[in-house]
Every structure is written in structure tokens, then in C-alpha cells.
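Read off the chains here:
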Amino acid sequence: MNREKSFNIIRTLFSMVAAILVAFIIIVMVSKNPFESIQIFLLKPLTSKRYIGNIIEAAIPLIFSGLSISLLFRTGLFNLGGEGVFYFSGIIGSILAIWLKLPPILLPLACFTASAIAGTAVMLVPGILRAKYNANEMVTSLMMNSIVLGIGSYILNNILRDPSVANLVSYKYNSDALLPVILKGTRVHAGFLIALLCAALVYVYIYKTRSGYEIRVTGTNPKFAQYSGINVTKVIIMVHVLAGAIAGVGGMVECLGLHRRFEWTGLPGYGFDGCMIAMLANNNPFGVVGASLFVGYLRVGADLVNRSADVPTEMIAILQSLIILLISAEKLLKKYRQRWIEKDVKEVNHEVAS
Amino acid sequence: MKSLLDLISTSDFIYSIFRVTTPLLFASMGAVVSDVAGVPNISLEGLMLIAAFSGMFFSYLSQSALIGLIMALVMAVAFSGLLAFFTLHYKTNIILGGIAINSLASGGTIFFLYLVAHDKGTSISLASKVLPTINIPIIQDLPIVGHIISGHNILTYLSLLAVLFTYYLLKKTALGFHIRAVGEKKEAAESVGINVTKIQAIAILFSGLMCGFGGAFMSMGYVSWFSRDMISGRGWIALAAESMGRQTVLGSALTSFLFGIADALSNALASMGYSSDLVKTIPYFATLIGITIFSVRIYRKSKKIA
Amino acid sequence: MSNYILEMNNISKIYGNGVVANSNVSFNLKKGEIHSLVGENGSGKTTLMKILFGMEAPSRGEIILNGKQVQFSDSKEAIKNGIGMVHQHFMLVESFSVAQNIVLGMEMKKRLFVNEEKSIQFTEALSKKYNLIVDPKEITKKLPVGVKQKVEILKALARGAEILILDEPTAVLAPQETEQLFKELMHLKAQGHTIVFISHKIPEIKLISDRITVIRSGKTVGTYNASDVSEKEISNFIMGCEMDISIKKNAHHYSTNKISVDHITYKDQEQVQLLKEINFGVKGGMIFGIAGVQGNGQVELIDMLTRRMPIQNGDISFNGQTIKEDTIAQIRKREVGYIPEDRLDQGVAVKESISDNMISNQIYSEDFCKHGLLNFKKISAFVNRNISDYEIRCMGQTQPIGMLSGGNMQKVVVARECENNPQILIAEQPTRGVDIGAAHIIHKKIIELRDQGCAVLLVSADLNEILKLSDVIAVMYEGEIVAYYDHTEGLNEEQLGIHMLGIERHTPEQIAKAVNRDE
Numbered sequence: 001m002n003r004e005k006s007f008n009i010i011r012t013l014f015s016m017v018a019a020i021l022v023a024f025i026i027i028v029m030v031s032k033n034p035f036e037s038i039q040i041f042l043l044k045p046l047t048s049k050r051y052i053g054n055i056i057e058a059a060i061p062l063i064f065s066g067l068s069i070s071l072l073f074r075t076g077l078f079n080l081g082g083e084g085v086f087y088f089s090g091i092i093g094s095i096l097a098i099w100l101k102l103p104p105i106l107l108p109l110a111c112f113t114a115s116a117i118a119g120t121a122v123m124l125v126p127g128i129l130r131a132k133y134n135a136n137e138m139v140t141s142l143m144m145n146s147i148v149l150g151i152g153s154y155i156l157n158n159i160l161r162d163p164s165v166a167n168l169v170s171y172k173y174n175s176d177a178l179l180p181v182i183l184k185g186t187r188v189h190a191g192f193l194i195a196l197l198c199a200a201l202v203y204v205y206i207y208k209t210r211s212g213y214e215i216r217v218t219g220t221n222p223k224f225a226q227y228s229g230i231n232v233t234k235v236i237i238m239v240h241v242l243a244g245a246i247a248g249v250g251g252m253v254e255c256l257g258l259h260r261r262f263e264w265t266g267l268p269g270y271g272f273d274g275c276m277i278a279m280l281a282n283n284n285p286f287g288v289v290g291a292s293l294f295v296g297y298l299r300v301g302a303d304l305v306n307r308s309a310d311v312p313t314e315m316i317a318i319l320q321s322l323i324i325l326l327i328s329a330e331k332l333l334k335k336y337r338q339r340w341i342e343k344d345v346k347e348v349n350h351e352v353a354s
Numbered sequence: 001m002k003s004l005l006d007l008i009s010t011s012d013f014i015y016s017i018f019r020v021t022t023p024l025l026f027a028s029m030g031a032v033v034s035d036v037a038g039v040p041n042i043s044l045e046g047l048m049l050i051a052a053f054s055g056m057f058f059s060y061l062s063q064s065a066l067i068g069l070i071m072a073l074v075m076a077v078a079f080s081g082l083l084a085f086f087t088l089h090y091k092t093n094i095i096l097g098g099i100a101i102n103s104l105a106s107g108g109t110i111f112f113l114y115l116v117a118h119d120k121g122t123s124i125s126l127a128s129k130v131l132p133t134i135n136i137p138i139i140q141d142l143p144i145v146g147h148i149i150s151g152h153n154i155l156t157y158l159s160l161l162a163v164l165f166t167y168y169l170l171k172k173t174a175l176g177f178h179i180r181a182v183g184e185k186k187e188a189a190e191s192v193g194i195n196v197t198k199i200q201a202i203a204i205l206f207s208g209l210m211c212g213f214g215g216a217f218m219s220m221g222y223v224s225w226f227s228r229d230m231i232s233g234r235g236w237i238a239l240a241a242e243s244m245g246r247q248t249v250l251g252s253a254l255t256s257f258l259f260g261i262a263d264a265l266s267n268a269l270a271s272m273g274y275s276s277d278l279v280k281t282i283p284y285f286a287t288l289i290g291i292t293i294f295s296v297r298i299y300r301k302s303k304k305i306a
Numbered sequence: 001m002s003n004y005i006l007e008m009n010n011i012s013k014i015y016g017n018g019v020v021a022n023s024n025v026s027f028n029l030k031k032g033e034i035h036s037l038v039g040e041n042g043s044g045k046t047t048l049m050k051i052l053f054g055m056e057a058p059s060r061g062e063i064i065l066n067g068k069q070v071q072f073s074d075s076k077e078a079i080k081n082g083i084g085m086v087h088q089h090f091m092l093v094e095s096f097s098v099a100q101n102i103v104l105g106m107e108m109k110k111r112l113f114v115n116e117e118k119s120i121q122f123t124e125a126l127s128k129k130y131n132l133i134v135d136p137k138e139i140t141k142k143l144p145v146g147v148k149q150k151v152e153i154l155k156a157l158a159r160g161a162e163i164l165i166l167d168e169p170t171a172v173l174a175p176q177e178t179e180q181l182f183k184e185l186m187h188l189k190a191q192g193h194t195i196v197f198i199s200h201k202i203p204e205i206k207l208i209s210d211r212i213t214v215i216r217s218g219k220t221v222g223t224y225n226a227s228d229v230s231e232k233e234i235s236n237f238i239m240g241c242e243m244d245i246s247i248k249k250n251a252h253h254y255s256t257n258k259i260s261v262d263h264i265t266y267k268d269q270e271q272v273q274l275l276k277e278i279n280f281g282v283k284g285g286m287i288f289g290i291a292g293v294q295g296n297g298q299v300e301l302i303d304m305l306t307r308r309m310p311i312q313n314g315d316i317s318f319n320g321q322t323i324k325e326d327t328i329a330q331i332r333k334r335e336v337g338y339i340p341e342d343r344l345d346q347g348v349a350v351k352e353s354i355s356d357n358m359i360s361n362q363i364y365s366e367d368f369c370k371h372g373l374l375n376f377k378k379i380s381a382f383v384n385r386n387i388s389d390y391e392i393r394c395m396g397q398t399q400p401i402g403m404l405s406g407g408n409m410q411k412v413v414v415a416r417e418c419e420n421n422p423q424i425l426i427a428e429q430p431t432r433g434v435d436i437g438a439a440h441i442i443h444k445k446i447i448e449l450r451d452q453g454c455a456v457l458l459v460s461a462d463l464n465e466i467l468k469l470s471d472v473i474a475v476m477y478e479g480e481i482v483a484y485y486d487h488t489e490g491l492n493e494e495q496l497g498i499h500m501l502g503i504e505r506h507t508p509e510q511i512a513k514a515v516n517r518d519e
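Protein chains in written order, with full-length UniProt numbering: chain A, 1 to 354; chain B, 1 to 306; chain C, 1 to 519.
The hints are simulated quantities; they were obtained by calculation from the structure and are not laboratory data.
Cβ coordinates follow ideal geometry from the N, Cα and C atoms, glycine included.
What you were told as hints is all true, and nothing was included just to trick you.
Derived pair list, reagent style DMTMM-like, types lysine to aspartate or glutamate, alpha-carbon separation capped at 20 Å:
1) B:K91 / A:E330
2) C:K76 / C:E107
3) B:K301 / C:E300
Here are some chain A residues pointing at chain C (derived, C-beta under 8 Å):
4) R210
5) K223
6) N231
Next comes chain A alone, as it looks inside the complex (with noise of 0.2 Å):
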């Protein structure tokens, strides 16, 4: 029965397949050197253990931002403010982490614990909102994230900064703060180790519990779900609630995982890359983990390929814009799909008629 299944996975195959030709084809475009700048695109980020470290460090704040759209997507909700939740968490995480004195892991523990709870309180805004009056949660959470770089750039400005660097950025963070690293010879932390743990646990509540049954029937028909005596406001604000705490313990991991500082100057950019991620995987946090070392492997190959040969990296944006399009095109490969289904058809007749 599961051709739907697998149908599905074929326009996914086909969508990274052809997101990888078109990178080919503006790498040859725009290089000097086309068929040297192909090959690192595609194989050096495999040569060794740097690069696949790299890829893991890049995989870890992507699997975060897609298990968090996921769950919003998942129930029918089209909201992007993952970008300022990522950006805005970081920031009160990175004030525990500055100034206050606590043994290492429960530091991060703290930091952690005040980031989900300020990415919740970020994502509650259009999540309330939506749920209570309806208003467009897509539009309020790009609003929300235009609010919290402007507020949160106010506090690196007059709280955080350090006056003695040069760049924007905090004072340091306290080391106790930091994650270790668990791989050696890359820098591969262990976010990645939380990452998976909370993949493994949206998979368990997903499919497993009454809270997760209510997500799924309240995305697939709210009007059913409403109707069977589900409370679908309470539902949309759970999952702002869920998604707002992974995508904020995922802007805080990103920041004590790689950095000793407070740095980033603007939105990084993780909202719209969840989307992405969400898509490929189909909404499945197993498939978030894997599409996201895709799309890190991706970034790698693409970031070598600008090293050597002047390929701008914002090449990687064009290739995620065309997977979104392709993999959420319902219509593609259609022509195939109907003969598949005409041939299953025509078995089955057979069958019953012999």
C-alpha cells in the first residue's frame, strides 16, 4: 500500500538531487575552475574528519530550528519565528552564562533552562494570538522578529558588550559554561548529543502520547479535531510553547558549543532553514536529523568551494529556495505517480479475476 510512502521519498531524492545539479551548474557559471570547484563541492567534505565534524557542527542548530518547525508545521501552522527565538535566547542565555557562578553542568543547565523559557515567551506572542484570535501567526512572528533583534541588539549594546574588542560582541562566557567537545580533532560539542536526545523525545510524544495524537489530528483537520472534543486552542499554544523551548535551547547550544563569546550581529538565519529542514523530512523528527546533515553537508561542500574559488556561500540559499519548491510540489512526477497507480490497478484486476 505504501506507494504514497514511497512516492514521497522519491520527489525527496529527487529534490536534493536536483538542488545538487543546480549548485553545479553556478558553480560552473560562475568559477574559473568548474570541474576542480565541482569536485570539492561534492567530495571534500567527506576527506576527512574536519570536514564531516564540520558538517555535524553545522547539522546541530539546524536539527534544533527543524524539530521546531516540524511541530508547528505538523499542526498546520505557518510560523517563521525561529529566527528571532534562535537570536533572542541567546542573548538572556548568554547573561547566565556571562555573570553567573555555578558548577559546570548545571551552568549550562541554567542557561539552558533561561532560554527555553525566553524562546517560549517570544513564540507565545503570535502563538497566543493565533490560537485565541485567529491573527495570522505568520505575519506576528516576523513582526516578533524584527521586535527581538531590536530589543535584544539594544541589550548586547548597553549590557553585554565588551568595550575592549573591537567587534560587537559580549564579554566572555563564563567557562564553566561552555559545552565539551566530544569528538577530538573536530569541533563537534555535545549539542549534538542534546540534539539527538531531543529528536529521540519529539518522536516519543509525536506517536507515542495523547498530547501528540491531539498535534496530529489538530494539523491534519482542526475542524475534526475540534469536533472530537480536542481543545485545539490549547493545542496551538502547546506548540508554540514546544517549539519556542527547542529553538531556544538550540540558539543557546549554538552559542556555548561554538563560541566563547556573544556573537552573532543580526538574525542568523536558523527560521527559514527549518522550514527547509521540516520539509525534506516530512515533518518526522528521525528525518529532521538526517535531512539536516544533508543540508550541512551541503553548507560545508559549499563553504570549501568559496575558500578555493569565489563562489559566494549564499549559493546554498538558491539550493535550499529550490528544494522547498520542488518538495512541496505536489504535481511533480505526477505523470508517473498515475501510471504506477493504473499498473497497481490492473494487477489487482487480475488477480480477482483469475
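For this one, chain A is given, so just place chains B and C on it according to the hints.
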């Protein structure tokens, strides 16, 4: 406080309202038409960004503002065509398609900016040509009023005409009837032989055209260069204006002006030395509060009758 | 050469989800005839006509119109070739006026703009010519169903339809309105139009048709002259065998009052009174049928009973307790089952599994969910039992419900609503659009619940269903109860029709009996 009052009561301030509202008007008209047709185009932000970049780049290349404008329109329409193709032909969800175009525009413009200007921030090295301003005879000589109404960029006047144009398009023309029918009940339009795909494509392309004007204004009128993400949420604010204007042309235009005032105010405050980080958020706050009030009101109303 | 104006030969259609709607169907039309296309729900009648009207592309087969092979890629081409269709669900833009709907897509222009005056004149002339009276300026939303249907017919005629397809036009009409429609159709026939009449009501088919084509599970059974076949024969052709669909109903045993509706009135946003002084009660062990033409307040009443809509004025109580302040969840806790009219709208979540769809009203029960974790063992046993009890044809409980046929999907809905021992069941058009086999099972289950003491409120436009199941019947007209029968012996569709059109009312004393208070 007094100085603020002084500031906003000057003719400069009122003049600036028209200036900052121009892109919002264009974009919100695009939003109205695409939404009425049942294909809400949320990629206004990205399309304006593409137009702004194209305007800058082609006016620099050709040294002609007109060619810059034309190319801005062409590119915005072309990318809205891409959106239309995917959503109407391949049935990509229009919202996801819109997200894709936005992210394409955001990254793509930086990509090309780097290729042409070797800079990922602004195009200062390639200054764009600016579209002309128009002084209206007689009116320009009037005190105060002349200063407010006359001397705007040609696109500012055009944005006001765009409102009228959109109004008559939707209310009076056959195309307008078809757009409304398609948006309200697709099957009904289909059953009388109206080509739904064609009508929706026209609506999306129209929104692209409007974004072309809006984006061209940003890099060839508002300022004379391109910088990364320079639309900074105006496309989204226009969407909010359209939803608060209840999908009507005049309502959306009025709300656009409201948000324009907030924008002008934030600029004025920043020029007076208030923390620019916070002051910059005023238009977004205004939009958020606007949507909140609007949604709560609708909610209360629906509760009352029920 | 044939004397047919239209021939459809060996048409097959396989839908994207694998459903075979038509297989080798053949159908033809003679000029100026009324030709009925009959078959039970889901047999493929509508699909065949959608193919003729260019809305669906056939997977195989040919269409010959006036001796020429044609292929319509969309409705526009079908319309150009003189084919018009009145769909079961109306294709009208509700916010437009009648005239605007009629000229849609063929607007007359005055320079750049639409000439609205001409549209109105055009509509008036058309309406006179065919004796289908409508007010061109009225907003479509405000029209009653019967008038909307006239607008639809005019719309097709305005586009030069020679062949007119009517998909289940009588499903929404009272018997007397049907008579009126038939007069109008005969008038059209006299003017040379050819009419395809889709229906599954055998007596009216026999009455109106010249010829009849029967379709059964996607295949043609045959084409007959209406005068050559009896009603009984038609019925056998439709079902393929003599199937016993009669239902044994035991004598009723009423217990206490379980639903009581007191002085319910309701005005909508435009201050239109949609419900007026509704009073009735349903006892345990009773099936209380509500008949009425669509749009006479039934939807609003049900929305209040199930708390989709707040109660504006008056009160409703279940088992003696008011539900005025209840949420939907609290209503569910009162052991209320609700079979909604439109299963796809709120009755199922199509992408989720059969299992997920069958437990949505029980996830808060200790049985199925402890400490927030779902108990898959118990759920699976419950679902499997229902699949076999209700003869749900599927590939197992994890199959997405969207892949089932309408009848099987509805069985899932009914199983969910009936199998957790409800005290009260609200059934809204429970067998709309489902095949006879499924309808039979559903009817049996509803009667079973009544025999177990459940109070059943049945709202249906299908008078046959109402008469078959109900113990007592009320008729709604313009938001009021205008008639009440405390027994159904000797009652027929025509009698109910008279009330449905507001022609005859019962006395207030008789209507007051509907309250069914406990003595």
C-alpha cells in the same frame, strides 16, 4: 517631548509619510489582488528585494533610470511567474512557495551583489540612478501644502494611481469579476468555463508587477543604492495592512498609511538621537499591535452575534 | 449512422488514489429526450457526467457528439459544444447577484467596464423565455435552495446548452418542488433540449424519463425504455440482486427525557431570524426525526446542540442538565455521539490512519490513555473489532482513512460515534452519499442504539430515511417546527412535503406535544 511634537507637525514629516508609504501601497495592492483571487502571495518581501536589486544593477549598467525601472518590473514579474508556475502547475502550496521565493531573494541578491560589487553588504560602489521627482505646477508654489504634495518621486504618485487602478480593476471590469469569482468559489468559475489557472496566474503576476514598482522605489528613489535585506519587513507589513484592510483596496491603502506614519515616526525619532535599536522596532510594534486590535475586534464581534 | 446526438463508448476512469470510478461504461442520448442515469451512490454516475462535461479526463474511451469524435480538456469546451451541467453542489458565487452569476464569464461590456444594466435585462429576458422566474438583482446567498437551482439551470441555458445534465436535482427539494421542477423540465424538452437526469429515486425516474441507463459499481448494466421496465426491475438492475434492505424495528420502549430543547431562538449577524421558538424533547429509546428542506434552520439547531455555536436565547439540556455553558469537550463527556453531515469537513482527518480516526472521542478515557501515553494494545483490539463488525473494507487499521470509499469512511465515523455507549446520538444525514450496503449497516446500528435506550435525534433531507427509522417526526420550515407526528403509521412523503413547504401547519397544541416531557 516638545521637540517631537514640533517635528511631527512639520511639513517635512508629512512629506516623509508619503515617501515611506509608497512601497507599502504598491505591495498591499499586490497583496489584495492575489488574496482576492485565492492565491495569497506572501513573497512580496522577496519580490521587492529582487526588484530593488535589479533596479540598482541595471540602472548602473545602462546608466538609465528608466531601464533600471523596467528591469526591476521585469525581474519581479518573472519571479512571481516562477511562483505562479510552481503553485498553479505543480501545485506547490502557495505559502511554502512564497517562503521559498523570499529565501531565494534574500540569499540570491547577496550572491549576485557579491559577484558584481564584491561586497555582501551594500552596493555603494555601484550607485543606482534615481527616478525623477515631479514638481506639480502651481501647487508647488503654495505654502506648506506645496511642500507636502509636490516634489515627490514619480513612483509615489504612481502608487496613489495604483490604488485607484486596483479599485476599478476589481470592482468594475470583467477581469475583476473573474478574479473575485475564482477567489470566492473556484468551482463556480470553472463551471462557466473561466480558466481558473489563468486568472490566478494573472493575479500573482499583478502582485509581482506591484512589487516591481515598490522594490524599484526602494533602490532608485528612497535611497540610491542596494543593501542586503533592504526591504526590511515592508512586504510583511503590507500583508498585515491588507489583512487589516479586510481584503479591500481602500481599507488596505488606509492601513498602509497608518503603518507609514509609524515608519516615518521611527525615522524622525532616530534622527533625534533616540536609541536606534529600539526606535527601529516602532513600525513592527505598530503592525503587531494593529493586528492584535484588529483580530480581537473581529473575535469579539463574532462572539457577540453567536 | 446512428440517430444519437451523443455517444460515450467504453469509458474508463481511474482516479489518482487508485479508485476505479468507471470501467467500460457506454451511454448515449437521442435528441429531445429525458434520459435518466441511475445507480446507487458511488456507482460512477457523477464521474461519467464530469467526463462528458470536461471536468475529468477519461483514462480510456471515446466521446462522439453529433457524429464527430470530441475530447474536452475543460468545461469551457463542453459548454462551447452545447453541454450544460447543474451540479449537485451548486456552483454559484454567493456574494454575487443572480444576474452577475448568470453572465459570469460572458459579461457584456461598456468600454472597459462591465455593463451591469445589460446583464440584468439579459437575465430577465432569459428567465421569461424559459419560465424560470428569478429576481436578477437579488444576492445569491439569500436565495432558497429551489431558486438557486433555477439560477443554475438558467446559467447553463444562457450559455446555449442543448444537452443539460442535472446531477441529483431532487435531492434537495420537497416532493412538491420536485413536481414543479419536472414541469419546467418538460417545458425545456418541448423546446428541443435534451436532458440527462441523474437520480437514485426510482419512482421519479420512472415518471420523468423516456429512457433509462443503469450503472452498477462503475459498469453499465443496460439502457431501457422507461415504459418497458417496472420499478421493481429497475431496483434489481441497480443492486444486481434482490437485496433485503428492509429493517426490523421492534416496538418502542421510551424511558425518560434525555434531550430537551426549550424556547430556542437565534438571529444571525444580519438580524435574520433563523430559529424561532423551538421546543422539543427526545426520550431514551426514541428516534426523533426532523424533516425539512435544506437551510430551514436544521444546521443552526444542530450546531447549538453540539455546542459548535453558543446558545443565544433559550436553553438546551441533556439528562436534565443545561449545556449552556458547556464546551464541545464537556458535551463529549456527557456521552453524546454526533454523526456530522459532511464527513470530510469535520468527520475525519483524511491523512491519519483508520485507527486514529476511530478513537478521537475516547482519548481522554482511562481505557485508551494512561498518564498521557496511548494504550495501543487496547486501541488496536477496539478498532479491529469495529472493522469486522461494521464490515469496513480496508487493508488494516493503519491505512490512511482517506483511501477508503465514502461508504467505508462513513462506517468508521458511525462506529466511532456509536461504539462507546452513547446516551444521546445526534445523526445528521448519516447515510448521505454512501452505498446501499453501508447505509443498511448504519441504519441497523442506529436502531440497535435506540433499542438499548439511547435517545436519537435524526436530521435528514432524505424523507425515505426519516420515515424508515423515526418513531416520531417533526418538520422544520423557516426556522420553526410546523408539524409534529407522535407516530409514523400511515405517514407518507407527500404529507411531509406539504409541511416542508409551509403549506400546511399543525395546531400549536399538536406541535407542543413534541416536548415529550416526563409525566
